[in-house]
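There are 2 protein chains.
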Amino acid sequence: MPDTIPPDSVGIVTPQTHHFNEPLKLTSQRTLPHYDIIYETYGELNADHSNAILICHALSGDHHAAGYHSMDEKKPGWWDNCIGPGKPIDTSRFFVVSLNNLGGCKGSTGPVSINPETNKPYGPDFPMITVEDWVNSQARLADVLGIKQWAAVIGGSLGGMQALQWAIGYPDRLRHCIVIASAPKLSAQNIAFNEIARQAIMSDPTFYDGHYYEHDTVPKQGLMLARMLGHVTYLSDDSMKSKFGRELREGEIKFGFDVEFQVESYLRYQGEAFVNRFDANTYLLMTRALDYFDPASQHNGKLADALSLVKAKFLVMSFTSDWRFSPERSEEIVKALIDSRKSVSYVKIKANHGHDAFLMPIPHYDKVFSAYMQRIEI
Amino acid sequence: MPDTIPPDSVGIVTPQTHHFNEPLKLTSQRTLPHYDIIYETYGELNADHSNAILICHALSGDHHAAGYHSMDEKKPGWWDNCIGPGKPIDTSRFFVVSLNNLGGCKGSTGPVSINPETNKPYGPDFPMITVEDWVNSQARLADVLGIKQWAAVIGGSLGGMQALQWAIGYPDRLRHCIVIASAPKLSAQNIAFNEIARQAIMSDPTFYDGHYYEHDTVPKQGLMLARMLGHVTYLSDDSMKSKFGRELREGEIKFGFDVEFQVESYLRYQGEAFVNRFDANTYLLMTRALDYFDPASQHNGKLADALSLVKAKFLVMSFTSDWRFSPERSEEIVKALIDSRKSVSYVKIKANHGHDAFLMPIPHYDKVFSAYMQRIEI
Numbered sequence: 005m006p007d008t009i010p011p012d013s014v015g016i017v018t019p020q021t022h023h024f025n026e027p028l029k030l031t032s033q034r035t036l037p038h039y040d041i042i043y044e045t046y047g048e049l050n051a052d053h054s055n056a057i058l059i060c061h062a063l064s065g066d067h068h069a070a071g072y073h074s075m076d077e078k079k080p081g082w083w084d085n086c087i088g089p090g091k092p093i094d095t096s097r098f099f100v101v102s103l104n105n106l107g108g109c110k111g112s113t114g115p116v117s118i119n120p121e122t123n124k125p126y127g128p129d130f131p132m133i134t135v136e137d138w139v140n141s142q143a144r145l146a147d148v149l150g151i152k153q154w155a156a157v158i159g160g161s162l163g164g165m166q167a168l169q170w171a172i173g174y175p176d177r178l179r180h181c182i183v184i185a186s187a188p189k190l191s192a193q194n195i196a197f198n199e200i201a202r203q204a205i206m207s208d209p210t211f212y213d214g215h216y217y218e219h220d221t222v223p224k225q226g227l228m229l230a231r232m233l234g235h236v237t238y239l240s241d242d243s244m245k246s247k248f249g250r251e252l253r254e255g256e257i258k259f260g261f262d263v264e265f266q267v268e269s270y271l272r273y274q275g276e277a278f279v280n281r282f283d284a285n286t287y288l289l290m291t292r293a294l295d296y297f298d299p300a301s302q303h304n305g306k307l308a309d310a311l312s313l314v315k316a317k318f319l320v321m322s323f324t325s326d327w328r329f330s331p332e333r334s335e336e337i338v339k340a341l342i343d344s345r346k347s348v349s350y351v352k353i354k355a356n357h358g359h360d361a362f363l364m365p366i367p368h369y370d371k372v373f374s375a376y377m378q379r380i381e382i
Numbered sequence: 005m006p007d008t009i010p011p012d013s014v015g016i017v018t019p020q021t022h023h024f025n026e027p028l029k030l031t032s033q034r035t036l037p038h039y040d041i042i043y044e045t046y047g048e049l050n051a052d053h054s055n056a057i058l059i060c061h062a063l064s065g066d067h068h069a070a071g072y073h074s075m076d077e078k079k080p081g082w083w084d085n086c087i088g089p090g091k092p093i094d095t096s097r098f099f100v101v102s103l104n105n106l107g108g109c110k111g112s113t114g115p116v117s118i119n120p121e122t123n124k125p126y127g128p129d130f131p132m133i134t135v136e137d138w139v140n141s142q143a144r145l146a147d148v149l150g151i152k153q154w155a156a157v158i159g160g161s162l163g164g165m166q167a168l169q170w171a172i173g174y175p176d177r178l179r180h181c182i183v184i185a186s187a188p189k190l191s192a193q194n195i196a197f198n199e200i201a202r203q204a205i206m207s208d209p210t211f212y213d214g215h216y217y218e219h220d221t222v223p224k225q226g227l228m229l230a231r232m233l234g235h236v237t238y239l240s241d242d243s244m245k246s247k248f249g250r251e252l253r254e255g256e257i258k259f260g261f262d263v264e265f266q267v268e269s270y271l272r273y274q275g276e277a278f279v280n281r282f283d284a285n286t287y288l289l290m291t292r293a294l295d296y297f298d299p300a301s302q303h304n305g306k307l308a309d310a311l312s313l314v315k316a317k318f319l320v321m322s323f324t325s326d327w328r329f330s331p332e333r334s335e336e337i338v339k340a341l342i343d344s345r346k347s348v349s350y351v352k353i354k355a356n357h358g359h360d361a362f363l364m365p366i367p368h369y370d371k372v373f374s375a376y377m378q379r380i381e382i
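First to last, the sequence lines map onto chains A and B.
The opening residue of the first sequence carries number 5 in the numbering used here; numbering runs sequentially from there.
The opening residue of the second sequence carries number 5 in the numbering used here; numbering runs sequentially from there.
Just so you know, the hints here were simulated from the structure itself, not pulled from any lab data.
You may find that some hints are simply not true.
Copies of the same chain are indistinguishable here, so a pair counts whether it falls within one copy or spans any two.
[To be verified] Taking lysine-lysine and the DSBU-like style, the derived pairs with C-alpha atoms no more than 35 Å apart in a straight line are: (1) 339 with 78; (2) 354 with 315; (3) 354 with 124; (4) 354 with 29; (5) 189 with 258; (6) 371 with 29.
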């Protein structure tokens, strides 16, 4: 981190953990008997609790969305571009809540947590969690924080699916729903990429059917491959071209299978770094939650029908070069909202960063996002 | 195979092998002391040897491009759609040669062959082969067959790169060059996908640094993953949607990591089938040949300059939904040919099959391909 905290940062933040004793019934019909949720808050809750914003994280995200945990932390939270005083999610106006989802590996109850029935880590016995389950658990956190209605629920990618599910499942509990670089369900191609990532993890001999904690190891190669694959699909061909082109790491071809091109070196680095900060069982769970999400499936495939009870006003944003969650997928949500006579603003942002654009400081994105947020009454 | 051979099939074919005793100097500066090339031919060579066509295969292809090896063979060769009497590559007019490239695993010398220096399989010691090396070895096969000049050299994908290299490296030895669903060099994204596939293979614990033959095993999981990934990138999002959609294999969600969606089952099947017919070291070599190909690199990145001595007339074809070798990449070749004042016809074919389109029976493709081939004088 910089020597001084920048004036538009939320500054030093300290996560809090709430323990929930009431069992949570899950979509899979299994039950979590009790669980922890770790979260951070930025800004101040106003007197009538009308300025609260919920941030939902994506596949590999967590509760640490903005600011720094200490002066030693090198990088701020994952959405620091968008959260802070004067930023699109303006913490001088809003009270922002960001949590780690159930099944995560950053402090909320998940596969690395102790299973009370066995006194060993849950591992592969952790129940499958769906987007609906996350939203239900987030609603309980809202109760604890005294938030009857969010000014907005906001998320990108898998986080956008959670925001959408909030609007469907708790229509009275949010006024605005902001869905960024997301989709109403995964395509077969998306599922295929997830499946390859899962196979990479599950076929790693140190995976031990998910019981690797007990063997004091991690399925490093599998998780690395999963992350490398994810990473390529989050970038656009153009952004990779401008980032790496076909540059050789050592200036000339070596005719071997070690790193030759810069892009290979970058990918291996990304894969290795991920292994040190993420749990393989959590990765599996998160990809399945992505696969399963499909609110239209309970309405004969009609998304407009799934949205019929929605009350929130929507902002939907997509990015031109995002091929994992292309603008067409966002437009399916927009069309269904219009068909269902809901209020929706839609912006397709020109950006060559691929799916990762939603995390990037892009002036047009920042401007649109800020303008919408400023219009939210509190 | 059908009970009777269809009239537009080349029928039963028998591969032949030629042993080359003259050493082949490779781009890597290493030398293959001697080697075999396995090939098939379809049709008859005419008296003045002017009707010969060379087929160059792609990543996982081989010499068996058309017809059947026996009445028991279930499927014909990989390009049977395009090769046969009355088909675009009309064997009633042309004499067609199709070979397995060096480094392959179907009969030409490759990693599974015995290294004369050690009397063990080459394995990882097989020298790296480039597109230029393949073309040089193909030119020697042409010499053996008495073919001074090909009527056309034809290839799709990596095969298209070989066709392009023929036009550059042996300008007097081909009259037509047909480059389908190809590119003048891989993009960073393409290289990234190849790198993930290689990492999957090389990190498989049964890979043994490429010496798996000696351990009487194969890196099954790694090769499976590589193939699954390749497969997803050869299909388009649309074609996967129409093939599988989000269909569940057992009609309802099971909340687990076994196969849930049809697309997962398909991918696992494809991956497993590939392991039984392909060698992992060959896969590594072929992907590196793809990565390295970049004829413009010796001309300050100017493809038009690399093409300045070309004499062949070109037909370039691309497919709208091919995102691994997109139409824009074919158009780079077309533009460079035009800039270099060469003769080129270009057709972008509407098809939703992705990169695999070049192997598919698509009426417009068939029509354009046939029309061009019929104009070739013999």
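Checklist entry - Is it within, between, both, or neither for residue 354 and residue 29, if the alpha carbons may be no more than 35 Å apart? => result neither (42 Å within a copy, 49 Å between copies)
Item to check | Within, between, both or neither, where residue 354 and residue 124 count as close if Cα-Cα is 35 Å or less | outcome: neither (48 Å within a copy, 56 Å between copies)
Next on the checklist: As a check of your reading, is residue 339 near residue 78 (CA-CA no more than 35 Å) within one copy, between copies, both or neither?
Outcome noted: The answer is neither: 42 Å in one copy and 47 Å across copies each exceed 35 Å.
Next on the checklist: At most 35 Å between CA atoms: does that hold for residue 189 and residue 258 within a copy, between copies, both, or neither?
Outcome noted: Result: close only across copies, 18 Å inter versus 44 Å intra.
Item to check | Intra- versus inter-copy proximity for residue 315 and residue 354 (alpha-carbon distance at most 35 Å) | outcome: Classified as within; 29 Å inside a copy, 42 Å across copies.
Next on the checklist: If the cut is 35 Å between Cα atoms, do residue 371 and residue 29 qualify within a copy, between copies, both or neither?
Outcome noted: Classified as neither: same-chain Cα gap 41 Å, cross-chain 60 Å, threshold 35 Å.
The structure shown violates the earlier hints numbered 1, 3, 4, 6.
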